[in-house]
Amino acid sequence: MQTYDLEANGLRGLNSTLQEQNGGTNKTAWEVVNPKGSHAIAVGLDSPIDVTVKGSTGYYCAGMNQQATVRVEGSVGPGVAENMMSGQVIVEGDASQYAGATGHGGLLVIKGNASSRCGISMKGIDIVVHGNIGHMCAFMAQAGNLVVCGDAGDALGDSCYEARLFVRGSVKSLGADCIEKEMRPEHIEILKDLLERAGSDAKPEEFKRYGSARQLYNFDVDNAQAY
Amino acid sequence: MDNKNIPRTEPIQSATFTNPINAEIRRAAATGIYDIRGGGAKRRVPHFDDLLFLGASVSRYPLEGYREKCETKVTLGTRFAKKPIELDIPVTIAGMSFGALSGPAKEALGRGASAAGTSTTTGDGGMTPEERGHSSKLVYQYLPSRYGMNPDDLRKADAIEVVVGQGAKPGGGGMLLGQKISDRVAEMRCLPKGIDQRSACRHPDWTGPDDLEIKILELREITDWQVPIYVKVGGTRPYYDTALAVKAGADVVVLDGMQGGTAATQDVFIEHVGLPTLACIRPAVQALQDLGVHREVQLIVSGGIRTGADVAKAMALGADAVAIGTAALIALGDNDPKWESEYQKLGTTTGAYDDWHEGLDPAGITTQDAELMKRVDPVDAGRRLRNYLKVMTLEAQTIARACGHNHLHNLEPEDLCALTMEAAAMARVPLAGTDWYPGKAGF
Chain A
1 MQTYDLEANG LRGLNSTLQE QNGGTNKTAW EVVNPKGSHA IAVGLDSPID
51 VTVKGSTGYY CAGMNQQATV RVEGSVGPGV AENMMSGQVI VEGDASQYAG
101 ATGHGGLLVI KGNASSRCGI SMKGIDIVVH GNIGHMCAFM AQAGNLVVCG
151 DAGDALGDSC YEARLFVRGS VKSLGADCIE KEMRPEHIEI LKDLLERAGS
201 DAKPEEFKRY GSARQLYNFD VDNAQAY
Chain B
1 MDNKNIPRTE PIQSATFTNP INAEIRRAAA TGIYDIRGGG AKRRVPHFDD
51 LLFLGASVSR YPLEGYREKC ETKVTLGTRF AKKPIELDIP VTIAGMSFGA
101 LSGPAKEALG RGASAAGTST TTGDGGMTPE ERGHSSKLVY QYLPSRYGMN
151 PDDLRKADAI EVVVGQGAKP GGGGMLLGQK ISDRVAEMRC LPKGIDQRSA
201 CRHPDWTGPD DLEIKILELR EITDWQVPIY VKVGGTRPYY DTALAVKAGA
251 DVVVLDGMQG GTAATQDVFI EHVGLPTLAC IRPAVQALQD LGVHREVQLI
301 VSGGIRTGAD VAKAMALGAD AVAIGTAALI ALGDNDPKWE SEYQKLGTTT
351 GAYDDWHEGL DPAGITTQDA ELMKRVDPVD AGRRLRNYLK VMTLEAQTIA
401 RACGHNHLHN LEPEDLCALT MEAAAMARVP LAGTDWYPGK AGF
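For the protein sequence lines, the chains are A and B, in the order given.
Note that our numbering gives residue 65 to position 65 of the first sequence, counting from 1, and the numbers run on in steps of one.
Note that our numbering gives residue 254 to position 254 of the second sequence, counting from 1, and the numbers run on in steps of one.
Hints are not guaranteed to be accurate.
Here are some of the chain B residues that sit facing chain A, going by a computed Cβ distance under 8 Å [as the list claims (entries may be wrong)]: (1) I33; (2) R146; (3) M149; (4) G178; (5) L191; (6) P192; (7) I195; (8) P204; (9) D205; (10) P209; (11) I214; (12) E218; (13) E221; (14) I222; (15) D224.
Worth flagging that the hints you see were computed from the coordinates, not collected in a lab.
Note that the Cβ used here is the ideal one computed from N, Cα and C, for glycine as well.
Input sequences plus hints: build the corresponding full structure.
Here is the structure:
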């Protein structure tokens, strides 16, 4: 285990060190101490290393992650794992706004709650939230899966495209063009896999599926009131 | 008197309800949807044509056009980036997306810009290998939609342009209608083929200048602080937007006036929101000067740049460089008279064709139609763009020498006068024949 003291050695040194690791490195496990809410921790990684952040972070932790597994033993600020391409990001605490925004791939697990706009514009990422999520989550979500073991706030899935949204608890309201959909066997399989990988003991059968009604895909003046 | 012999009043067309206005009312009534089109504002607004250079005389001596050098090089991104961009000429190619433009058109832009020693820019939809391969210097736009956004391409870029807004539609998002969503465009954007794609008007993971500062930090950390980061804003509140972009850590501010083009937006947005380019420059330069960073943070101006005179005027007002979009497309062959019969079939005419969103462009530039895009030969079109960029540069040098300057950056507001009160007020240069402009202190 390699230990990096962020307070003592600075952000640039941390990210450049982690970014320099490649597939052949023996330094596969890293521990970041004294994060103290710093922004842009462990961003732009592109190797299969494990990074554990011992505390809470600011904005954009693990932004644009590729291959790496980043675990945060605390809560995260806005934009955790934004635009993630692959790998895993696990947050032991809560997440602020925009968690997993525009992510293309990989798995984001939030063991606490996620705030508003979780999964906004997601493009293939899988997100599992053990707790609740706030308003406008999965806004314009294009692809991937958002799994919520608790409740969802207002306007879930507003103007979403092909992303799948699974919610176990209540949904305060659905956004424009988002509807409840039939839960078919293939969806149960997807859920089962994601819940297992995210360390949740929730049962796939307890969830409802939501997604796009595809009524706003091409502009129609008779739908103008929906916007 | 016989009624037949009573003189009749002459029919008078309304200056308010003009034929174009009435036609638009009828079109709206028939379709129930606003008019969507490409391009920038077509209305007459105060512009560079309303300014003149004074030239040299007894008080200033000129440089010899064929003997004395007038430099054109510009370096962008000197504030924080380890590798600033060095351009041979101060005319860059503005962001235009693959999707809005055909692959051959993007390739031609790269070829032409590279041959002229300048940069080109991606757009909403990501970076294509052809574009990267043919652009010696490529600026990668970081847009609200994040279509095609990935860290590998980000690191391949020579600069990153965080797009907050654009002049044609400040405060508005993008549109790419289903007709232009080919398999490849759909795949790059992670969306189904054939749907109308909406690009968001705000970034999904930051709002406001404080957040932007952190976003820029993240981008720099991902790219090892190597490349410049531009912030592009539409012309709305140029003083404050420029100041806030500087505060957020921009290396370069790109300022786009309302004549700047778009691939597709509501006509009402294009014509009624935003400031003319001429009105944007001085407030932006003032902000840079007030913060003590004029020339340290570079200013790129775009929106209606057509000639070397426009380049020289923008630079005299304080810009470090300009960007062209519409003009570059015309150089490639957009709205060329040789396609007039086809424009007629589309209900338009050469010079007026702006339904770029429909994907039927006879010139093969704003289309994804496999047959139409064959009309663009990237090599020939790239050569035309290179020629045009060279001519613009020569024209700007001609003016600079006539004003006695050995570098385009040495052009200054004192070289200019204005033909109209409006232009004098916006450009803050004297009305021709006077030493006064509206708002000048002491009058």
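Status of the hints after comparison with the structure:
no., hint, in the structure
1, I33, "5 Å, holds"
2, R146, "4 Å, holds"
3, M149, "6 Å, holds"
4, G178, "6 Å, holds"
5, L191, "6 Å, holds"
6, P192, "6 Å, holds"
7, I195, "4 Å, holds"
8, P204, "4 Å, holds"
9, D205, "4 Å, holds"
10, P209, "14 Å, violated"
11, I214, "5 Å, holds"
12, E218, "4 Å, holds"
13, E221, "5 Å, holds"
14, I222, "3 Å, holds"
15, D224, "6 Å, holds"
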